[in-house]
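Student: Listed here are the chains, written in short residue letters.
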Amino acid sequence: DQQVKQNSPSLSVQEGRISILNCDYTNSMFDYFLWYKKYPAEGPTFLISISSIKDKNEDGRFTVFLNKSAKHLSLHIVPSQPGDSAVYFCAASDTGGGSNYKLTFGKGTLLTVNP
Amino acid sequence: GAGVSQSPSNKVTEKGKDVELRCDPISGHTALYWYRQSLGQGLEFLIYFQGNSAPDKSGLPSDRFSAERTGGSVSTLTIQRTQQEDSAVYLCASSLDRGLDIQYFGAGTRLSVL
Numbered sequence: 001d002q003q004v005k006q007n008s009p010s011l012s013v014q015e016g017r018i019s020i021l022n023c024d025y026t027n028s029m030f031d032y033f034l035w036y037k038k039y040p041a042e043g044p045t046f047l048i049s050i051s052s053i054k055d056k057n058e059d060g061r062f063t064v065f066l067n068k069s070a071k072h073l074s075l076h077i078v079p080s081q082p083g084d085s086a087v088y089f090c091a092a093s094d095t096g097g098g099s100n101y102k103l104t105f106g107k108g109t110l111l112t113v114n115p
Numbered sequence: 001g002a003g004v005s006q007s008p009s010n011k012v013t014e015k016g017k018d019v020e021l022r023c024d025p026i027s028g029h030t031a032l033y034w035y036r037q038s039l040g041q042g043l044e045f046l047i048y049f050q051g052n053s054a055p056d057k058s059g060l061p062s063d064r065f066s067a068e069r070t071g072g073s074v075s076t077l078t079i080q081r082t083q084q085e086d087s088a089v090y091l092c093a094s095s096l097d098r099g100l101d102i103q104y105f106g107a108g109t110r111l112s113v114l
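Those sequence lines, one after another, are chains A and B. Our numbering puts the first sequence at residues 1 to 115. Our numbering puts the second sequence at residues 1 to 114.
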């Protein structure tokens, strides 16, 4: 049973446009969310996170939005650049459960930014 | 400084053989994690080490899987009597402490069981 779902395996956007990557979760105990980016033959790297006490977190071109009632979060990249082409993983944690180090990952979305 | 280092980067083995995968965490990081990514799947938590505390082994899929961390640094993941379904990329990560500290990942070991 997948608790974190990224329903779009791939997304293609034009350079300079907005990329929107979506993530849904089913476990209502999740209260901390992260996005990781992964290039081929490399390990995932942390991109941005958000706590459930907020509904938006911004870092440069990257913004994560959280809709707790819908159990949905999204990552916006504006403007998209060819170097953003990578697999993006959504991850979630239950920080109150004593195992807040345990991340549950989605399957990832392959983003391709075309020049 | 150096990141998380994993070896080997690729491992091909025959069904039934044992394999050992190694992880060198970032110096000074007390927490170490192992994950597995099977084809088309997300990362699956396997095991967590934090300092001298007992590891959280709740993610290990069977008793053929074990891991140890010597001296609070290098970790080895061992898979005994490998099966074809063990084929995956095994990723190691480390963090400064625990909890919400950022996890830094190695490039992984791609294991292929023939």
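Each hint should be verified, as a subset may be incorrect.
As the list claims (entries may be wrong) - Taking lysine-lysine pairs in the DSS-like style, the calculated list, with each CA pair at most 25 Å apart, reads:
1) A:Lys5 - A:Lys107
2) A:Lys56 - A:Lys71
3) A:Lys107 - B:Lys57
4) B:Lys57 - B:Lys11
5) A:Lys5 - A:Lys102
6) A:Lys5 - A:Lys68
7) A:Lys68 - A:Lys107
8) B:Lys11 - A:Lys107
9) B:Lys15 - A:Lys102
Since the hints were made in silico from the structure, they are not lab data.
Student: Quick one, are B:Lys11 and A:Lys107 close enough, alpha carbons at most 25 Å?
Tutor: holds (23 Å)
Student: Under the criterion that the straight-line Cα-Cα distance not exceed 25 Å, is the pair A:Lys56, A:Lys71 satisfied?
Tutor: holds (14 Å)
Student: Verify the proposed pairing of B:Lys15 with A:Lys102, using a straight-line Cα cut of 25 Å.
Tutor: At roughly 30 Å apart (the allowed maximum being 25 Å), A:Lys102 and B:Lys15 break the hint.
Student: Run the distance test for A:Lys5 versus A:Lys68: straight-line Cα separation, threshold 25 Å.
Tutor: holds (15 Å)
Student: Between the alpha carbons of A:Lys5 and A:Lys102, is the straight-line distance 25 Å or under?
Tutor: holds (17 Å)
Student: Need the status of pair A:Lys107, B:Lys57: alpha-carbon distance at most 25 Å?
Tutor: holds (22 Å)
Student: Does A:Lys107 lie within 25 Å of A:Lys68 when you go C-alpha to C-alpha?
Tutor: The hint holds at about 21 Å.
Student: Does A:Lys5 pair with A:Lys107 here, judged by a C-alpha cut-off of 25 Å?
Tutor: Since the Cα atoms of A:Lys5 and A:Lys107 sit roughly 7 Å apart, the hinted pair holds (cutoff 25 Å).
Student: Are the Cα positions of B:Lys57 and B:Lys11 separated by 25 Å at most?
Tutor: It holds: about 23 Å lies between the C-alpha atoms, which stays within 25 Å.
Checked against the numbered hints listed earlier, the structure breaks hint 9 alone; every other hint is satisfied.
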